[in-house]
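> Listed below are the residues making up each chain.
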Amino acid sequence: MKILVPIKRVVDANVKVRPNDSQTHVDTANLKMAVNPFCEIAIEEAVRIAERGVATEVIVVCIGDTKGQEQLRSALAIGADRAILVEAPTDLEPLAVAKALKALIDKEQPGLVILGKQSIDGDNNQTGQMLAALCGMPQGTFASELVISDGKATVTREIDGGLETLKLGLPAIITTDLRLNEPRYASLPNIMKAKKKPLEILALADLGVDATPRVNTLKVELPAERSAGIKVASVAELVDKLKNQAKVIA
Amino acid sequence: MSVLVIAEFDSQGLKPATLNTITAAQQLGSVEVLVAGHQCQAIAQALSSCPAVAKVWLADDVQFAHSLAERLALLIVERAAGFSHILAPATSFGKNLLPRVAALLDVQQISDVIAIINADTFKRPIYAGSLIATVQSRDAIKVLTIRTTAFDVTASQGGSAAIETIGSTSANAQSEFISASLAVSARPELTAAKIIVSGGRALGSAENFDLIYKLADTLGAAVGASRAAVDAGYAPNDFQVGQTGKIVAPELYIAVGISGAIQHMAGMKDAKVIVAINKDPDAPIFQVADYGLVADLFEAVPALTQALAH
Ligand SMILES: Cc1cc2nc3c(=O)[nH]c(=O)nc-3n(C[C@H](O)[C@H](O)[C@H](O)COP(=O)(O)OP(=O)(O)OC[C@H]3O[C@@H](n4cnc5c(N)ncnc54)[C@H](O)[C@@H]3O)c2cc1C
Ligand SMILES: Nc1ncnc2c1ncn2[C@@H]1O[C@H](COP(=O)(O)O)[C@@H](O)[C@H]1O
Chain G
1 MKILVPIKRV VDANVKVRPN DSQTHVDTAN LKMAVNPFCE IAIEEAVRIA ERGVATEVIV
61 VCIGDTKGQE QLRSALAIGA DRAILVEAPT DLEPLAVAKA LKALIDKEQP GLVILGKQSI
121 DGDNNQTGQM LAALCGMPQG TFASELVISD GKATVTREID GGLETLKLGL PAIITTDLRL
181 NEPRYASLPN IMKAKKKPLE ILALADLGVD ATPRVNTLKV ELPAERSAGI KVASVAELVD
241 KLKNQAKVIA
Chain E
251 MSVLVIAEFD SQGLKPATLN TITAAQQLGS VEVLVAGHQC QAIAQALSSC PAVAKVWLAD
311 DVQFAHSLAE RLALLIVERA AGFSHILAPA TSFGKNLLPR VAALLDVQQI SDVIAIINAD
371 TFKRPIYAGS LIATVQSRDA IKVLTIRTTA FDVTASQGGS AAIETIGSTS ANAQSEFISA
431 SLAVSARPEL TAAKIIVSGG RALGSAENFD LIYKLADTLG AAVGASRAAV DAGYAPNDFQ
491 VGQTGKIVAP ELYIAVGISG AIQHMAGMKD AKVIVAINKD PDAPIFQVAD YGLVADLFEA
551 VPALTQALAH
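Protein chains in written order, with the working numbering: chain G, 1 to 250; chain E, 251 to 560.
For reference, chain G alone in the conformation it holds in the complex (with noise of 0.2 Å):
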């Protein structure tokens, strides 16, 4: 069986973007990029599969700019095997995203599918459930613990209520959410290593896709700050301010 990981590169979560002088789009230009962190959660559990002998390929693809190879070369590290990189526009909505992926499922045939949850730039949480409903495939996501065995995945998931157990059969679809699992850190000779598997480039063209926006982004804006309050010097005068100021609690 094989696995495939989308991957997408976002601007670092610990760094703070700010929208363009025009408010037209984000200005992402010199900042430090990543994996977005859901998708090395992704990766980590290919790997891990791989690993227990359950999938013999682990496939990784990243659509986008032609620097996503960095990314790709990272989750290389980590372990997968193969990497795919699709030229295309860096902006590329969700719908647009599955579609391409889509294509590389009709092409190589995985068992199973992980993604990210949730991509910490365009905070979209789209992208997996999309492309289950277009190869018609049952959807995992927000997953907390899968379990592959005898053609099926148990996959339990993070629910506002809760956890909740679902069995798919597959091929399936995965979202990952935080608690999956703890991403490795890839070891200096995995490094070394990674730069020699094979990492193809396609063209979004090649696969086919439509990919005109939808969506068009009118204005990007920091939104209204919260200003500081005050520092108050005691329990008793929090308790005073609370009853008394702010008058949120009798």
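Possibly wrong hints are sitting among the right ones.
[To be verified] Now the stretches of chain G that chain E is said to cover, found in silico as 3 or more residues with beta-carbon under 8 Å:
no. : region
1   : 10 to 24
2   : 109 to 121
[Claimed, not checked] Straight-line Cα separation of at most 25 Å, BS3-like style, residue types lysine-lysine; simulated pairs:
no. : chain 1 : residue 1 : chain 2 : residue 2
3   : E       : K519      : G       : K231
4   : E       : K519      : G       : K247
5   : G       : K241      : E       : K305
6   : G       : K247      : E       : K464
7   : G       : K243      : E       : K529
8   : E       : K444      : G       : K247
9   : E       : K444      : G       : K241
10  : E       : K444      : G       : K231
11  : E       : K464      : G       : K241
12  : E       : K305      : G       : K243
13  : G       : K243      : E       : K444
These aren't lab readings, by the way, just hints derived from the structure by calculation.
Cβ coordinates follow ideal geometry from the N, Cα and C atoms, glycine included.
Given chain G's structure and the hints, the job is docking chain E with the ligands onto it.
Leaving out everything else, chain E with the ligands in the frame of chain G:
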């Protein structure tokens, strides 16, 4: 044209998030609600008494039990024709389901809408709420998830919308519900609570989290947590507040031993009043706190609980 709202509920009843979503939908047109589940007649009844609801569609079938996205998506797509917009709350239910619907309709969904400018233009936070984007959809049907904290709940009494029962041809055996372990708590639900007390990594253990529960119970509050506290096993996953957890906007949010990472603040900075208790005077949480107390939580929290107890 009408707007279709997908109702969220469970065996306990209707989720308030559905009522926030109806308020958003009302800004777009006449509101119809789809109730799809098993033995959910009472939910349809409850929604038909919302004055803002013009019609309730009821699909009551064992195959819709547990809200499996594969089945609900097919049902919704069968009914989509004639609606200008399809809305669901941006909860784990809506986030799981609606993108599947959007893809089947060949629509680019807009997630986490916080403001409706007009029928095709919306505001939504991106980058953990660091930025707000105004976006315009060109799709024929607009598919939106609604950030519930940005819209009030709609009135739930006084209406009498017609309920129409519908069947469905959809069937799907690819996914099967096995079990759920749902938190049972006497405390208010996090996303609907007026007061929330949240604990962070500084609590140090699940046992010490008791300090948070005691303070919360004194206030009749819900309990939240930072990701660090959840990852460390001090609190269950459904407590997590933030970019990738729950979004809350209570009257009062008390952050205890939480540093104030942007990913945490993304989930709580719309609270009316924020209190921070942290021993580090430079902790970023103080930049958004209305009342900051620089103190050791192990002294301050018991003292606060005691002071509030009488
Ligand atoms: C992709 C991604 C998604 C994320 N999503 C979320 C999310 O949804 N929600 C979330 O919360 N985080 C999220 N995070 C994590 C976030 O970046 C922070 O790591 C996390 O919020 C830190 O939790 P904390 O404030 O409890 O811990 P810390 O940052 O370690 O802060 C602990 C605080 O406690 C204080 N302290 C220590 N001892 C005491 C004491 N005795 N008394 C008083 N104060 C004390 C310290 O001064 C410190 O400020 C996410 C991160 C990533 C990368
Ligand atoms: N451009 C992309 N290339 C590869 N994978 C992507 C891309 N965009 C999104 N994904 C995948 O879809 C997940 C969810 O992204 P989103 O729907 O944008 O929140 C990510 O964690 C990735 O696994």
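> Looking at the structure, which of the earlier hints fail to hold?
5 and 12
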